[in-house]
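Participant: Letter by letter, the chains look like this.
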Amino acid sequence: MFKMYIYFIASFGLFLIGLYAVLSKKNLIKVILGLSLMETGVNLFLISLGYVNGGTAPIFERALSPSKMVDPVPQALVLTSIVIGVSVTALALSLCVKLHEKTGTLDLTKIRSLKW
Amino acid sequence: MKKILSLIVILTLIVAIWHFLPALSKNKAFKIGHFYIEHAIKDTGASNVVTSIVLNFRGFDTLGEVTVLFLASLGVGFLFSGNTKNYKPEIQPSLILRVSSRLLFPLFIMFGAYIFIHGHLTPGGGFQGGSIIASAVLFLYLGSKDKKLPGHFIEYLESLSGLGFIGIGFAGILASNIFLNNFMPKGIVYTLFSAGIIPVIYIIIGIKVGLELSKIVADLIKGEENV
Amino acid sequence: MLWIELFLVIVMLLGAIMAVSHKDIINSVIALSLVSLITSILFFIMQAPDVALTEASVGAGLSTAIFVMAINKIRNRDRNNEKNS
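Residue numbers (the numbering used here), protein chains in the order written: chain E, 1 to 116; chain A, 1 to 227; chain X, 1 to 85.
Just so you know, these hints were derived from the structure itself, not from any lab. Keep in mind the model is a prediction, meaning the values are calculated, not measured. Note that CB positions come from ideal geometry on N, CA and C, so glycine has one too. A hint or two may mislead.
[Said to hold, decoys possible] Just so you have them, the derived chain A footprint on chain E, three or more residues with Cβ under 8 Å:
1) 3 to 15
2) 18 to 31
3) 34 to 40
4) 68 to 79
5) 94 to 102
6) 107 to 114
[To be verified] Going by beta-carbon spacing under 10 Å, a handful of chain X positions derived as facing chain E:
7) Leu2
8) Ile17
9) Ala19
10) Val20
11) Leu32
12) Val35
13) Met46
14) Asp50
15) Ile71
16) Asn84
[Unchecked claim] With a straight-line cut-off of 27 Å between C-alpha atoms, the simulated DSS-like cross-links for lysine-lysine are:
17) E:Lys26 - A:Lys2
18) E:Lys25 - A:Lys2
19) A:Lys42 - E:Lys68
20) E:Lys68 - X:Lys83
21) E:Lys26 - X:Lys23
22) A:Lys186 - A:Lys31
23) X:Lys83 - E:Lys26
24) E:Lys102 - E:Lys26
25) A:Lys31 - A:Lys42
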């Protein structure tokens with residue numbers, strides 16, 4: 001039981017640290033770093049939900065008789081989620097580079113061209 | 001001011017999570033996991049249960065994921081379409097780096113290909129092998145003085161792989177009236193030529209993802225026009 | 001086994017705090033790579049080898065490289081703007 005609490009605290013800690021970076025940092029690259037940390041935290045939480053005490057990896061082998069296996073459905077979800085996370089990070093970073101080319105700064109408080 | 005407000009939001013969330021934390025570790029609804037574990041070898045012939053879920057039971061979601069990766073590669077290529085200069089590093093790579101990158105590049109490609117060919121037997125699959133191939137291309141860039149990838153060959157091969165994935169889906173409609181159905185013979189379990197269309201689709205996905213990620217890397221590392 | 005996981009989780013949270021609050025941005029990116037590596041080890045301890053392989057090759061390899069290349073482009077343009085003006 002205590003083992004589960006460690007994983008929940010770790011994943012929620014990562015999520016909240018990433019949320020703090022998105023809410024209150026001025027550098028645009030730090031905001032994208034926080035977004036990536038939030039995605040890592042959510043993936044860790046999803047895998048830790050499918051863990052069974054004393055289970056093994058969900059792969060069949062010729063010489064092994066099937067014992068308890070962990071849940072394979074969250075693993076399939078997280079596989080998709082990690083790849084989508086890295087593609088979103090790549091697109092956001094190339095948008096940052098283009099923004100720096102047009103306005104010359106990466107400070108969020110100075111990019112205000114849409115302010116009424 | 002912004003920091004104090006964000007700290008208040010985070011403290012509220014911590015209190016809310018602490019309230020709901022004991023309820024998370026009691027609820028174990030595991031029924032569909034048991035169904036997939038029992039029916040994995042009978043229905044698909046793949047001994048890796050996660051692979052049979054990703055490509056056979058929920059194959060349409062994999063099509064969506066391949067589309068999202070394609071959109072990201074398209075966006076990065078469109079944003080950096082004005083740069084035409086080659087990659088010229090400021091500090092020239094040393095002799096050891098130049099020689100070893102050329103020697104190790106085919107070994108990296110072979111390792112990545114091994115991982116996505118055996119995706120239905122051992123842990124691995126198309127996405128893992130594809131990103132290893134992209135790391136191999138990055139390694140080749142880091143050890144060269146002046147490099148340009150053969151552009152049109154990569155784009156044609158990637159589009160052909162995408163068409164191949166959808167083509168196999170339509171071949172499933174021709175064979176048995178269901179899109180992306182597992183229509184090829186299942187073979188003997190635990191061997192290489194088993195599990196129907198799963199190795200074929202993983203080879204196609206491995207080539208496609210590897211080429212897309214290496215195109216993203218090549219676009220980000222190119223030189224600038226008016227420097 | 002419990003003490004290993006506790007130690008890894010504490011190092012991961014310290015690495016995440018350092019990624020968010022350091023002044024130099026290259027150090028933050030390397031701390032993000034450390035968080036990704038420890039996450040991959042935790043995935044392996046929780047009996048999920050497919051996901052551990054994906055997180056190690058994509059998170060600790062390509063994501064860090066993409067960050068460093070984008071930061072390099074921005075710094076080169078800053079240096080060229082200072083040299084020209």
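Participant: All hints are to be evaluated individually against the structure, with a verdict given for each.
Facilitator: The hints, checked one at a time:
Residue count for the region 3 to 15 of chain E with a Cβ under 8 Å from a Cβ of chain A: 4. That meets the three needed, and the coverage hint holds. Only when three residues or more bring their CB closer than 8 Å to a CB of chain A does the claim for the region 18 to 31 of chain E stand; here the count is 4, and the claim holds. Interface restraint, the region 34 to 40 of chain E with chain A: violated (0 residues with C-beta to C-beta distance below 8 Å; minimum three). Only residues whose beta carbon comes within less than 8 Å of a beta carbon in chain A count, and the region 68 to 79 of chain E has 7; three or more means the coverage holds.
For the region 94 to 102 of chain E, the stated coverage by chain A holds: 4 residues have a C-beta nearer than 8 Å to a C-beta of that chain, and at least 3 were required. Counting residues of the region 107 to 114 of chain E whose CB falls under 8 Å from any CB of chain A gives 0; the rule of at least 3 is not met. Contact between Leu2 of chain X and chain E, as hinted, is supported at the beta carbon level, the nearest pair being about 7 Å apart and thus within 10 Å. Given the 10 Å rule on beta carbons, the hint for Ile17 of chain X holds: about 6 Å separates it from the nearest Cβ of chain E.
Restraint check, Ala19 of chain X versus chain E: the minimum CB separation of about 6 Å is within 10 Å; hint holds. A cut of 10 Å between beta carbons decides the hint on Val20 of chain X: the least distance to chain E is about 4 Å, and the hint holds. With its C-beta approaching chain E no nearer than about 6 Å, Leu32 of chain X sits inside the 10 Å limit, and its interface hint holds. For Val35 of chain X, the suggested interface contact is upheld, since its CB lies about 6 Å from the closest CB of chain E, less than 10 Å.
The beta carbon of Met46 of chain X is positioned within 10 Å of a beta carbon in chain E (closest approach about 5 Å), and the interface hint is therefore held. Interface hint status for Asp50 of chain X: upheld, as the beta-carbon distance to the closest one in chain E is roughly 6 Å, under 10 Å. Satisfaction of the interface hint for Ile71 of chain X is found here, the shortest Cβ-Cβ separation to chain E being roughly 7 Å, below the 10 Å cut-off. For the restraint placing Asn84 of chain X at the interface with chain E, the shortest Cβ-Cβ distance is roughly 12 Å, beyond the 10 Å limit, so the hint is violated.
Only pairs whose Cα atoms come within 27 Å are accepted, and Lys26 of chain E paired with Lys2 of chain A is accepted, the gap being roughly 10 Å. Simply put, Lys25 of chain E and Lys2 of chain A have alpha-carbon atoms about 9 Å apart, close enough for the 27 Å limit, and the pair holds. The straight-line distance between the Cα atoms of Lys42 of chain A and Lys68 of chain E is roughly 18 Å, inside the 27 Å bound, and the hint therefore holds. Between Lys68 of chain E and Lys83 of chain X the CA atoms are separated by roughly 65 Å; this puts the pair beyond 27 Å, and the hint is violated.
Straight-line distance between C-alpha atoms of Lys26 of chain E and Lys23 of chain X comes to about 12 Å, which keeps the hinted pair within the 27 Å bound. Annotation: proposed proximity of Lys186 of chain A to Lys31 of chain A holds, straight-line Cα distance about 26 Å (limit 27 Å). Distance restraint check for Lys83 of chain X and Lys26 of chain E: the Cα-Cα separation of roughly 26 Å lies within the 27 Å cut-off, and the hinted pair is therefore satisfied. Only pairs whose Cα atoms come within 27 Å are accepted, and Lys102 of chain E paired with Lys26 of chain E is accepted, the gap being roughly 18 Å.
Distance check on the hinted pair: Lys31 of chain A and Lys42 of chain A sit about 18 Å apart at the alpha-carbon level, within 27 Å; holds.
Checked against the numbered hints given earlier, the structure breaks hints 3, 6, 16 and 20 and satisfies all the rest.
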